[in-house]
Structures are given as C-alpha cells and as structure tokens.
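Colleague: This is what each chain is made of:
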Amino acid sequence: MIRPDAPVLLEIDDLRASVEDQPILKGVSLTIRAGEIHAVMGRNGSGKSTLSKVLAGHPAYAVTGGRVRYRGEDLLALEPEERARTGLFLGFQYPVEIPGVSNLEFLRVATNARRACKGEEELDTFAFEDLVHERLKVVQMDPAFLERSVNEGFSGGEKKRNEILQMALLDPLVAILDETDSGLDIDALRIVAGGVNHLASADNATLLITHYQRLLDAITPDYVHVMASGRILRTGGKELALELEERGYDWVDAELAAADRAPVEVA
Amino acid sequence: MASTASVGDLVSQPYKYGFVTDIETEKIAKGLSEDVVRLISAKKEEPAFLLEFRLRAFRHWLQMQEPDWAALGHPPIDYQDIIYYAAPKQQEKKASLDEVDPKLLETFDKLGIPLSEQKRLSNVAVDAVFDSVSIATTYKEKLAEHGVIFCSISEAVKEHPELIERYLGTVVPANDNFFAALNSAVFSDGSFVFIPKGVECPMELSTYFRINSGDTGQFERTLIVAEVGASVSYLEGCTAPMFDTNQLHAAVVELVALDDASIKYSTVQNWYAGDENGKGGIYNFVTKRGQCRGARSHISWTQVETGSAITWKYPSCVLQGADSVGEFYSVALTNNRQQADTGTKMIHVGPRTRSTIVSKGISAGHSANSYRGLVQIGPKAVGARNYSQCDSMLIGDQAAANTYPYIRSQQPEASIEHEASTSRISADQLFYLQSRGIGFEEAVSMMVSGFCRDVFNQLPMEFAAEADKLLALKLEGSVG
Ligand SMILES: Nc1ncnc2c1ncn2[C@@H]1O[C@H](COP(=O)(O)OP(=O)(O)OP(=O)(O)O)[C@@H](O)[C@H]1O
Ligand SMILES: [Mg+2]
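So the sequence lines, in the order shown, correspond to chains A and B. Heads up: the first sequence runs through residues 1 to 267, numbered per the numbering used here. Heads up: the second sequence runs through residues 1 to 480, numbered per the numbering used here.
FYI, nobody ran anything at the bench for these hints, they're computed from the structure. Think of the CB as a built atom: it goes at the ideal place given N, C-alpha and C, for glycine as much as any other residue. Hints are not guaranteed to be accurate.
[Unchecked claim] Going by beta-carbon spacing under 8 Å, a handful of chain A positions derived as facing chain B:
id, residue
1, Ala6
2, Ala60
3, Arg114
[To be verified] Covered, in the sense of this in silico footprint (three residues per stretch, anywhere, with C-beta under 8 Å from a C-beta of chain B), are these stretches of chain A:
id, segment
4, 99 to 108
5, 247 to 258
[Stated by the list, open to error] Quick list of the computed label-pair ranges, beta carbon to beta carbon:
id, chain 1, residue 1, chain 2, residue 2, range
6, B, Tyr404, A, Glu97, 52 to 60 Å
7, A, Glu97, B, Glu66, 38 to 46 Å
8, A, Asp130, B, Val382, 52 to 60 Å
9, A, Ser155, B, Val382, 35 to 43 Å
10, A, His133, B, Gln410, 51 to 59 Å
11, A, Glu105, B, Asp244, 37 to 45 Å
12, A, Gly248, B, Ser426, 32 to 40 Å
13, B, Gly383, A, Glu105, 53 to 61 Å
Sequences are here, hints too, so could you generate the full structure?
Modeller: Following this line, the structure appears as structure tokens:
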C-alpha cells in the first residue's frame with residue numbers, strides 16, 4: 001500500500017559495491033516506505049542477491065560508494081547482527097546448513113536478540129516453545145524440523161520454509177526475500193505467499209526478489225524494479241512485471257547501451 | 001562500513017590469568033645435575049627409596065633424546081637454563097588456611113578457585129599447587145572420614161610412604177620417555193589420591209596448578225589409586241602468567257584401578273599460550289597413563305586443552321583386567337601460533353576389554369592441531385572392541401589439522417571402528433547466524449560448542465558450563 005506520507009524505512013542512494021575489486025553494484029537507488037511491497041526482478045547475475053547481502057552486511061562485499069539510511073540511521077555503519085536486531089531481515093536465496101547447532105536453540109537465540117532490541121522480555125525455553133509452535137502454523141511446518149540442526153539435510157523447499165518461519169518469529173521492519181519462491185512446489189508457494197501477506201502491515205515493508213509472476217499474483221507489489229548490470233534500470237507498478245513476463249529482458253540491452261551513451265551529467 | 005570480522009580474524013582474547021603474584025620465592029640455582037636432584041630430595045626430606053628412584057630416573061634421562069616424532073616444532077630447550085625448584089617463602093605447609101600467606105589465597109581467588117572456608121566450592125575438594133609446592137588442600141578432614149586420602153604428593157611421601165613406594169612409577173616407569181624421566185628425577189609436587197576398597201569418593205576432587213615464576217619449570221606428579229570397588233572423579237585446572245619466554249611443564253600422572261574400580265580424570269588446561277605471534281607460552285609435555293589392573297575396572301580421561309604454546313600429551317589406558325574399559329574424550333583448541341599434538345593410546349591386554357575415543361580438534365589462526373592415537377590389541381585380548389571418532393574443525397584458512405590413527409592388532413576377531421571428519425566454519429555460516437541478530441562471537445561459540453557437545457557432556461557438571469565459556473573466550477576478541 002502506497003502512502004506518500006508514510007515514514008521512509010530504507011533509503012538507498014547510489015549504492016556501489018564490489019567483490020574482490022570487481023564492481024557489482026554500480027549505483028543503486030531505491031526508497032522504501034512503511035506499508036510498501038517492492039519487487040526486484042532482473043536477469044541472472046544482474047546483482048539482486050548482491051544488493052540484498054550488502055544491505056544485510058555480508059563481509060565479502062566492500063561498499064565503494066553511496067549511502068543507505070535505515071530508520072534514519074546509517075545502515076552501513078552497523079554490524080550485521082545489529083541490522084538484524086533492529087528489524088532488517090534477509091531471507092536467503094541459498095540458506096546455509098549449520099551442523100551441530102540445534103534449529104530450536106538457534107531460533108530462540110535469534111528471537112530473543114530481536115526481542116531485547118524491541119525492549120521485550122527474554123523468552124525462556126517453555127515460552128519460546130509456545131511461540132514457535134504457533135508460528136509454525138503460519139508456514140505449516142512439521143515441528144520435527146525444530147529438533148534438527150539448522151537447515152542440515154533440509155530439502156530446498158524446507159529451507160525456504162525455515163526462512164519464512166524465522167521471518168515470522170523475528171517480526172521484521174524491512175524484510176528482503178531473495179527468491180524465496182524458487183524451488184517451492186505449488187502448495188508451498190501458496191503457503192509462503194500467505195505467510196508473507198499475513199506478516200505484511202502498514203508499519204513494515206517487504207522487498208521481494210523474484211523471477212516469476214506467479215509469486216506476484218499472490219503478493220501484489222506496489223512497485224516493480226528491474227535490475228540490470230548492477231543498477232535499477234526501470235521502475236514501475238505491478239504491470240511492469242506482466243510486461244516482463246511477455247517481453248523478456250531483450251529490451252534491457254538496448255536501454256543499457258543507451259544509458260552508457262548518455263552524456264555524463266554535471267552537477 | 002564497520003569492522004565486520006572475517007573468519008580469519010579470530011584471535012584469542014587477552015589472557016585473563018596472565019598476572020604475576022609478587023611474592024618472595026625460594027629458588028635454587030639454574031641447571032640440572034645429580035646434585036640438584038639430591039638437593040630437591042633433601043629439601044623435601046624424602047626417604048631413601050625416593051632419592052634412589054629420582055637418581056635412577058636422572059641417569060636414564062642423561063642417556064635419552066628428546067622425542068622428535070610429533071608434528072611440533074620449537075627451538076631447542078636448554079635444560080641447564082631452567083630452575084628446577086621454586087617455592088613461595090612460607091616455611092612449612094600450614095596446618096590451617098588462616099596461616100597461608102594472604103597473597104597466595106588472593107591469587108587463587110583471582111583465578112576463581114576460592115580456598116577459604118566461606119567461599120570454597122561446596123562439593124569440590126581442592127589441592128592448590130603454586131609453582132613447585134602445594135599450598136593448601138581443602139576438605140581433607142571430611143574426606144578422611146571416608147578413608148579417602150587427598151593431599152599433596154610431598155605430604156603423602158611423609159605420611160604414607162608405603163603407598164607411594166608401592167605405586168609410584170608402576171604405571172609410568174622412570175625411563176618411560178624423555179619427559180617422564182625428567183619429571184621422575186625432579187618432580188616437586190602434585191596430588192595424591194587414595195580411595196580405599198569399596199568407597200565411592202563423596203565429592204569431586206580437584207587440583208589447581210599455577211605456574212608463577214618466569215624461569216622455573218613445573219614438574220608435577222599425580223598419583224591416583226582406586227582400590228577394589230572404589231570410585232572417584234578428579235579434575236585438574238592450570239593457568240600461568242604471561243611471560244615472553246617459554247616455560248617448561250613436564251608432568252606425569254599415574255592412575256591405578258583395581259577390580260571394579262572406576263577413575264574419571266578430567267582436565268581443563270589453560271596454560272598461557274603465547275601471544276598472537278607465538279612469543280612466550282608454556283611448553284606442555286605431559287605423560288598421563290592409567291592402568292586398569294583389575295577386572296571390570298574403568299578409566300576415563302576427559303580433556304579440554306585450550307592453552308600452552310605446545311601441547312604434547314597422550315593420556316592412555318592399559319586395559320589389563322578382563323572386561324575393563326578405557327575412554328578418552330578430548331577437545332583440543334589451538335589458535336594463533338599454538339601447536340598441539342595430542343591423542344591417546346588404548347592398549348588392550350585382557351579379554352573383552354573395550355575402549356572409546358572421541359577427539360575433537362579445533363584449529364584457528366595459524367595454529368596446527370594433530371590427533372595422534374594408537375589402538376593396540378594384544379594376543380590375549382579376545383573379543384576386544386574399540387570405537388574411535390576423530391573430528392577436526394578449521395576456523396579460517398591458515399590453520400592446519402592432521403589425524404594420525406595407528407592400529408596394531410594381534411587379534412583378527414577384534415572389532416575396531418574408526419570414523420573421522422573435517423569441517424570448516426565458513427564465512428557464510430557465520431554470516432547466516434549474524435544476520436539473525438547473533439553476535440559474531442556467540443555465533444562462533446554456538447558452532448564450536450555444538451561440535452564439542454559429545455565431550456563436554458563427559459565433564460563433571462560443575463565444569464561443563466565453564467568449558468563452554470572458556471572456548472568462547474579463547475576465540476573471542478575479533479569484534480570491536
Ligand atoms: N562473492 C562473490 N564472488 C565473486 N563474484 C560474485 C560474488 N557475489 C556475486 N558475484 C558476481 O556478481 C554478479 C551478481 O551476482 P548476484 O548473485 O547478485 O546475481 P543475482 O541477480 O542474484 O542472480 P540470480 O538471479 O541468478 O540469483 C554475478 O556475476 C556473480 O557472479
Ligand atoms: Mg540471486
């Protein structure tokens with residue numbers, strides 16, 4: 001839902017980042033207000049996951065320019081765990097397995113870290129079990145997954161559901177979901193979309209990274225952005241996604257070439 | 001961007017126990033000779049058999065070479081540049097704690113080992129060893145009511161010479177190896193435990209070793225005897241100040257378990273490890289061996305090795321009695337420039353003997369961590385069984401882990417199982433935990449304690465939580 005007077009939660013301004021001196025993000029700008037749902041689309045390798053990881057603070061990426069303000073603060077000055085505690089959530093495209101760390105214990109520690117930041121009291125093992133069982137229903141996940149190590153041996157779809165479970169527990173302010181729909185069967189897709197819709201409110205915002213219109217049929221975006229070669233090439237409403245579905249990305253090359261020919265603006 | 005730590009940045013946190021107690025110490029001159037051996041024995045007013053034992057060991061030692069087969073490297077040790085006896089100046093061992101130099105009590109307080117009546121741990125008796133001597137043993141009277149002897153080995157030599165003569169050097173002979181021979185010649189103090197027939201020791205026993213002097217070697221000697229049907233759980237802890245020179249620590253521990261006896265020996269070793277460039281730290285060359293002499297006897301070693309510049313240590317079990325059981329549970333953590341070559345020997349002699357080995361090596365920084373273990377099944381060990389599991393975890397990409405399992409079996413029917421794995425804490429795993437609000441250090445410690453759980457579960461309850469914290473501390477210090 002677009003409300004021009006809603007507070008700005010995340011303001012990305014000309015963000016540039018490289019990995020091993022290789023520029024990947026080449027000036028991304030994007031403003032997200034409370035209540036909004038944004039979709040980012042774009043070809044493989046266009047920089048979508050990189051954007052999400054830079055926002056979450058992955059140490060492999062060096063920020064080489066630009067600014068990101070989050071709740072009025074300099075996001076890039078915060079440690080990854082501080083970003084998470086203050087409500088930035090990244091649902092990973094490829095969630096990693098962590099053998100030896102119990103999923104239940106992990107979820108509890110993560111939830112309590114977020115709660116502490118919101119000034120809520122810490123949940124003990126019992127109180128947390130109640131909460132987690134309630135949230136498991138949102139993603140229709142089997143409680144047996146709590147007893148296993150984090151993501152260890154989970155199927156692709158199970159890992160994605162575990163991401164949404166975490167999102168449901170952590171009550172994010174800005175949730176970035178990186179291809180959470182990939183690898184999900186049709187029922188799971190509906191469950192995940194239902195979960196995201198259920199958690200979206202006028203106070204938080206969601207950034208969906210996806211390749212497929214079928215997710216956007218279930219979660220209606222307020223804005224659709226097309227990423228190409230490390231920038232946002234075009235922004236539109238939900239109809240832009242439909243247009244992409246029809247036309248593919250060939251037009252992107254022409255626009256990119258045009259953008260590269262354009263004279264450099266002098267301020 | 002803030003200084004987000006990368007995996008390779010893990011450094012040990014400043015060593016908490018690095019202080020030196022300023023106390024007047026009586027030291028003998030540097031160097032080792034037959035005269036020095038005699039002098040130590042005379043200072044301790046020892047009976048003739050013990051002086052003989054020392055001299056025999058010394059003469060063996062002169063003929064022996066420092067072992068070079070371990071995957072360790074260090075500059076040559078000058079054995080003439082070490083002081084072999086140092087004791088805080090208080091004349092006699094005090095009858096009551098009130099008479100112990102308050103500075104010493106304060107030292108142990110600071111180390112988290114309060115000795116005074118009011119503050120001491122409620123279900124743990126402690127023998128506190130400072131440099132070469134034991135300064136206090138708590139709960140002696142209460143233990144004596146059960147017939148349990150728990151005192152310093154020097155005291156045992158005076159008060160129970162027959163037990164010392166009967167058991168000392170029977171598990172680790174004076175000429176066993178270079179460091180054991182050295183220890184047998186010059187050992188200063190350590191603990192003695194005797195659990196009489198049928199007695200289950202009513203509390204945890206614990207010795208805390210503290211090296212204080214910078215130029216002194218520590219050569220402690222521990223002997224634990226559990227008679228028929230007796231049982232005991234014993235824990236040792238160790239720390240030392242930070243010096244930029246290396247100190248030599250060459251201990252010998254002997255355990256004897258008779259029929260149906262059980263000894264559980266746990267170690268939390270946190271000697272000073274040297275700085276991040278490898279300057280200073282303890283050279284820890286230790287011989288620990290338990291003998292399951294009796295049928296159905298049981299010896300279990302649990303160690304958490306986190307300190308020392310160099311660790312050379314193979315707590316072993318000689319399974320003589322029929323149906324006896326040996327166990328070895330180990331976590332060895334190395335960081336910075338630390339080197340550890342540690343493991344166990346399970347020598348199956350008697351029929352139906354069983355052994356279990358669980359070793360978890362964690363290497364961070366530029367450290368090197370080797371597991372070296374021997375499972376030997378003798379011709380009479382019909383139906384012997386062994387299970388070994390050796391897991392290594394690498395943190396960062398500069399650390400090394402090696403596994404050297406040796407199996408020698410003269411029993412074709414014996415069942416020997418060996419499992420091994422190597423894993424690495426990856427930047428992506430740490431980032432995943434961090435991106436859920438879990439701090440870098442807590443993230444590391446969650447992964448590490450998951451990895452070590454099988455071993456920590458073996459520690460006495462009072463110390464399991466301690467071990468968890470210690471590992472976290474050892475890997476801390478990279479954020480901020
Ligand atoms: N850690 C890294 N090391 C080297 N190259 C990287 C790294 N991370 C990203 N890249 C490169 O940056 C580019 C953008 O990758 P990114 O994962 O952001 O793409 P994406 O838009 O998410 O693609 P997809 O739709 O396939 O998920 C790719 O060319 C990728 O190979
Ligand atoms: Mg991607």
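Colleague: If you count the residues of the segment 99 to 108 of chain A with a beta-carbon closer than 8 Å to a beta-carbon of chain B, do you get 3 or more?
Modeller: holds (count 6)
Colleague: Taking the Cβ atom of Asp130/A and the Cβ atom of Val382/B, is their distance within the range 52 to 60 Å?
Modeller: 55 Å Cβ-Cβ, so the 52 to 60 Å window holds.
Colleague: Please check whether Gly248/A and Ser426/B have a Cβ separation lying inside 32 to 40 Å.
Modeller: The hinted range 32 to 40 Å holds for Gly248/A and Ser426/B, with Cβ atoms some 36 Å apart.
Colleague: With a cut-off of 8 Å on the beta carbons, see whether Ala6/A makes it to chain B.
Modeller: 25 Å, violated
Colleague: Do His133/A and Gln410/B keep their Cβ atoms within the hinted range of 51 to 59 Å?
Modeller: 56 Å, holds
Colleague: Mind checking the hinted window 53 to 61 Å against the Cβ distance between Gly383/B and Glu105/A?
Modeller: 40 Å, violated
Colleague: Any CB of chain B closer than 8 Å to the CB of Arg114/A?
Modeller: Since chain B brings a Cβ to about 5 Å from Arg114/A, closer than 8 Å, the hint holds.
Colleague: Given the hint of 37 to 45 Å, check if Glu105/A and Asp244/B actually sit that far apart at their C-beta atoms.
Modeller: 41 Å, holds
Colleague: Verify the CB-CB distance for Ser155/A and Val382/B against the hinted window 35 to 43 Å.
Modeller: 47 Å, violated
Colleague: Are Ala60/A and chain B close enough, Cβ to Cβ, to be under 8 Å, as the hint says?
Modeller: 7 Å, holds
Colleague: Given a hint of 52 to 60 Å, does the C-beta separation of Tyr404/B and Glu97/A actually sit inside it?
Modeller: 29 Å, violated
Colleague: Using C-beta distances, would you say chain B covers the segment 247 to 258 of chain A, given that this needs three or more residues below 8 Å?
Modeller: Violated: only 0 residues of the segment 247 to 258 of chain A have a Cβ under 8 Å from chain B.
Checked against the numbered hints above, the structure breaks hints 1, 5, 6, 9, 13 and satisfies the rest.
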